[in-house]
Structures are given as C-alpha cells and as structure tokens.
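Number of protein chains: 2
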Amino acid sequence: MGKFRTREIENIIGYEFRNKELLFTALTHTSYANEHRKESYERLEFLGDSVIDLLVCTILYENYENLSEGTMAQIKSAVTSEDILYEIAKKLNIGKFLILGKGEKRSGGSEKKSILADVIESLIAAVYLDSKKNLYTIENLFSDIFKEYIEIFLSGKRIFDYKTKLQEITQEKFKQLPVYETTVMGNKFFTILKINGKIFSKAKGTSKKESEKLAAKTAYEKLKEDEKNGK
Amino acid sequence: MGKFRTREIENIIGYEFRNKELLFTALTHTSYANEHRKESYERLEFLGDSVIDLLVCTILYENYENLSEGTMAQIKSAVTSEDILYEIAKKLNIGKFLILGKGEKRSGGSEKKSILADVIESLIAAVYLDSKKNLYTIENLFSDIFKEYIEIFLSGKRIFDYKTKLQEITQEKFKQLPVYETTVMGNKFFTILKINGKIFSKAKGTSKKESEKLAAKTAYEKLKEDEKNGK
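In order, the protein sequence lines correspond to chains F and U. Quick note on numbering: the UniProt record's numbering labels position 190 of the first sequence as 190, and the sequence is numbered without any gaps. Quick note on numbering: the UniProt record's numbering labels position 107 of the second sequence as 107, and the sequence is numbered without any gaps.
Among the hints, a few may not be true.
To be verified - The following residues of chain F were derived to be distant from chain U, with all beta-carbon distances above 10 Å:
1. I12
2. I84
3. K90
4. D130
5. E151
6. I199
What the hints assert, rightly or not - Below are the DSSO-like pairs computed for lysine-lysine, each with C-alpha atoms no more than 27 Å apart in a straight line:
7. U:K208 / U:K222
8. U:K165 / F:K204
9. F:K165 / U:K208
10. U:K202 / F:K165
11. F:K163 / U:K163
12. F:K208 / U:K163
13. F:K204 / U:K209
14. F:K147 / F:K113
15. U:K198 / F:K175
16. U:K209 / F:K208
17. U:K133 / U:K91
18. U:K217 / F:K175
19. F:K133 / U:K147
20. U:K165 / F:K208
21. U:K209 / F:K173
22. F:K163 / U:K202
23. U:K175 / F:K163
24. U:K112 / U:K157
25. U:K204 / U:K188
26. U:K194 / U:K204
27. F:K209 / U:K217
28. U:K222 / F:K208
29. U:K202 / F:K173
30. F:K165 / F:K217
31. U:K204 / F:K208
32. U:K147 / U:K91
33. F:K202 / U:K175
34. F:K175 / U:K208
35. U:K147 / F:K132
36. F:K217 / U:K175
37. U:K194 / F:K209
38. F:K132 / U:K132
These are calculated hints, taken from the structure and not from any lab test. From the three backbone atoms N, C-alpha and C, an ideal C-beta is built for every residue, glycine too.
Just chain F, with the same shape it has in the complex (with noise of 0.2 Å):
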C-alpha cells in the first residue's frame, strides 16, 4: 500500500498510525496473507470485535441511564452485528481500500459482507493498539457512529434480534421456547425451527447462526401475520 493510500484511509478513519504494520494487517485477508506470508487481520478483528463491545456499552451506560441491562444487551448486540458493522464499512467507503488475494479479489471479495465487517473490527483494534489502548481517542472516532445507530433501534425504526424477539413471543404465548434443528451438508447450514412440536418456518445460510436467524426472522414475521388475523 503506497503512501497516498495510507494517507487516505488515516483520512478516512481520521487517525494517523504510528505503526502503518498495524494498518495495513488490519486490512490484509486471508487470502492475500496466505498468498505473501503476511500476517492476516482474523487475530486483529477478534480483538476488535471486544474493543467495538466495550464501546457500545459505555456509550449505553453512560448516556441511557433509564435503559435496563436487559434492553442494552440487546441494543449491544444489535448495534454490533454484523450487518450493522457492513453498513458502517459501506458508509466509509473502506472496500477499495482492503488486501485481497487474486482469487479472492476476483470473485468480489472487496464487496463481501462478512469481510467488510471483519474490517472494521480489525481497524478499531488497530486504533486501540496504536493509541496505547486510549479509550477516549476510540471514543472521539468512532462513538458517533454507533450512537447513530442505537438512536436508530431506540427508536423502534429497526428490530433488533429476531431470536430474543422469537423467543420473548413464544415464551408468553406457548410457554414454549423454539426448537432449532440444524444440519450440516458441507458448507451450507439447515435450519428447521419447531415450536411446540410444529414445524414453523426453515431456512438455509453459510454458518449456524446466519441460518438460525433467518428461520427466527422469518417465524417471527409469521406469528406476526397470524396475530394480525386474529389467530
């Protein structure tokens, strides 16, 4: 990565790197670090994943005093999805700036939701290494953005986990918490999701839990279908 690219994303970010290392792993895959023998940004991003925790829930501990610990934990874990982590990788335009290998560059990876994600975790915990594990300089980045965000599942314009949804409706109304059945046939996941016995809705995803979650969002909408024809 060449010197104005550096500049740019610092830019982006709106944080210099002592350590430009720090950087540019935080943005190197897999593919691209198996190819040269570089180190990957997975270990970063696993890092980063408890950095973006910690922030989330000061901001909600700090600013929310009204707010239960139950509704934090599930505007925490709303907020820090994956597919919020995307949308905020999406907003700061980081794609072009990511080191695929060819394969991966070919088949779009700089488009890819999970890798857009890892990203940002990846780039938080760079910040938070490079800063000397300085909150505040954290805080002054990126608190904005996710305040942003759980404006956004505060005020209801989003739901924010539709298995804790799931299982608060099924819990009042049959006592019952979902079943969910999953199997694996290579790399694909299969979900079936019973309450009370009775099948309710199935789904299909890449991991465990994308398809348990589908199979939730889409029982969900059903019970909400069914409540809204007075079954």
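Since the structure of chain F is provided, determine the placement of chain U on it from the hints.
Using the frame of chain F, we list chain U on its own:
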C-alpha cells in the same frame, strides 16, 4: 457500608476509589436496591462484562501470538464464564461485602454463584469508570488472575465449553448438530438434548444457558464413555 469495610474491600482489590458511591453500587444487589430505593449493580455488571472481555482478549492477543482467533474465542468464552468469575469471587472473598436485601440475605445470597459472578463484573466496571476508563489500571489489577485461568484452559486441565465441544464431536461423528429443546416452567428451564432425533440427555437449570450447558456436559460425557467402550 462503614469506612472500615470500604478500606477492607479496597485493599482486596488493590484500588482506592475516588467515588465511593460507585463501589457501593457495585456491591448492591437488586433485593437491597428495591427495599431502599438505591441503584443496584445490574447496569454496572452489564458494563463490566465487556470490560472483562476486552481485558482477556487483549491478554490473549498480546501474549499468545500463535493462537488462532478460533482458539482465542474458545478460551475467552471459558475464562469469562460464570463458573470462573465465581471462583475468582470466592478467592477474593467478596461474598461478605455484598449488600443484600433481607430475604436474599436469609436465603444465602452471599454464597450464590450467579450473584458472586455478577459482582466481579460490577466491581471491575466500577474500577474502570472510577479510573476514567484507564485500561492499564484494569490490567495491573486483574491481568494476573485471568492469565492464570488462561493457562489452565490452555494446558487442557479443564474443558472450556461443553456446547462447542459437543457440537464439534456430533458434527464429525453424525454430520448433525445437537438439538436443544428447552421449555420454561415458572422460573425453571428444562432441556432435552437430541442428536439424530434420539434423546441424549436431559437437564434443568435456572436459565436457558445453564440448563443447555448441563445437558451438553452430560451428553458429552456419555459420548466419551461410548467411545471408550468402543461404540
């Protein structure tokens, strides 16, 4: 809480609070809070959970360069589990400082696993806030105790996560994930664990998580026993 007891717990933690109120809140159980219109430790506990996560992730990132992010995630989840936080609370002898309501005191609240684990989280959050979010303070005070547990899990002396472990085995052996059927009755949760449609274990607990974890543990041990017997 008198001056004397405040000193005592500050000595145990190794930290002198500027804001003693924060320390009291960190020790105040809902039962007391409700009786005396005080704030309970619940919101602090929520925050503390993510402070501990970041602490443990940072230790793993900085000290174990050879661990993949997958292994780091498993160890993190083990080290920050209720079981371990409870053990830490017992070691530090935190129970006697809890501020409980009358009923909770009578029913032995100061010995309860979930309460003691929660208070480790709320205390660490209190230090985090009181030290103006200084992670070095958190590291100085609490790194060693978590490092010790990381080493125990890495050495294989303890198993980290029965649900994950079980999933790995069933995925390999049956190409199936275990299915958890959990029902609620009052405030008890009952889990039936099925693999390949066959009931493998049953368990109950005071939370969905606990009940499913116990069912996973039993099923795991059963599978291991079967293996030994050459089934």
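Tested hints:
{"no.": "1", "hint": "I12", "result": "holds (24 Å)"}
{"no.": "2", "hint": "I84", "result": "holds (16 Å)"}
{"no.": "3", "hint": "K90", "result": "holds (24 Å)"}
{"no.": "4", "hint": "D130", "result": "holds (13 Å)"}
{"no.": "5", "hint": "E151", "result": "holds (19 Å)"}
{"no.": "6", "hint": "I199", "result": "holds (13 Å)"}
{"no.": "7", "hint": "U:K208 / U:K222", "result": "holds (21 Å)"}
{"no.": "8", "hint": "U:K165 / F:K204", "result": "holds (23 Å)"}
{"no.": "9", "hint": "F:K165 / U:K208", "result": "holds (15 Å)"}
{"no.": "10", "hint": "U:K202 / F:K165", "result": "holds (26 Å)"}
{"no.": "11", "hint": "F:K163 / U:K163", "result": "holds (18 Å)"}
{"no.": "12", "hint": "F:K208 / U:K163", "result": "holds (13 Å)"}
{"no.": "13", "hint": "F:K204 / U:K209", "result": "holds (24 Å)"}
{"no.": "14", "hint": "F:K147 / F:K113", "result": "holds (21 Å)"}
{"no.": "15", "hint": "U:K198 / F:K175", "result": "holds (23 Å)"}
{"no.": "16", "hint": "U:K209 / F:K208", "result": "holds (17 Å)"}
{"no.": "17", "hint": "U:K133 / U:K91", "result": "holds (25 Å)"}
{"no.": "18", "hint": "U:K217 / F:K175", "result": "holds (25 Å)"}
{"no.": "19", "hint": "F:K133 / U:K147", "result": "holds (19 Å)"}
{"no.": "20", "hint": "U:K165 / F:K208", "result": "holds (15 Å)"}
{"no.": "21", "hint": "U:K209 / F:K173", "result": "holds (21 Å)"}
{"no.": "22", "hint": "F:K163 / U:K202", "result": "holds (23 Å)"}
{"no.": "23", "hint": "U:K175 / F:K163", "result": "holds (24 Å)"}
{"no.": "24", "hint": "U:K112 / U:K157", "result": "holds (25 Å)"}
{"no.": "25", "hint": "U:K204 / U:K188", "result": "holds (7 Å)"}
{"no.": "26", "hint": "U:K194 / U:K204", "result": "holds (15 Å)"}
{"no.": "27", "hint": "F:K209 / U:K217", "result": "holds (21 Å)"}
{"no.": "28", "hint": "U:K222 / F:K208", "result": "holds (24 Å)"}
{"no.": "29", "hint": "U:K202 / F:K173", "result": "holds (24 Å)"}
{"no.": "30", "hint": "F:K165 / F:K217", "result": "holds (9 Å)"}
{"no.": "31", "hint": "U:K204 / F:K208", "result": "holds (24 Å)"}
{"no.": "32", "hint": "U:K147 / U:K91", "result": "holds (15 Å)"}
{"no.": "33", "hint": "F:K202 / U:K175", "result": "holds (18 Å)"}
{"no.": "34", "hint": "F:K175 / U:K208", "result": "holds (13 Å)"}
{"no.": "35", "hint": "U:K147 / F:K132", "result": "holds (20 Å)"}
{"no.": "36", "hint": "F:K217 / U:K175", "result": "holds (25 Å)"}
{"no.": "37", "hint": "U:K194 / F:K209", "result": "holds (19 Å)"}
{"no.": "38", "hint": "F:K132 / U:K132", "result": "holds (15 Å)"}
Violated hints for the displayed structure: none, as all numbered hints are satisfied.
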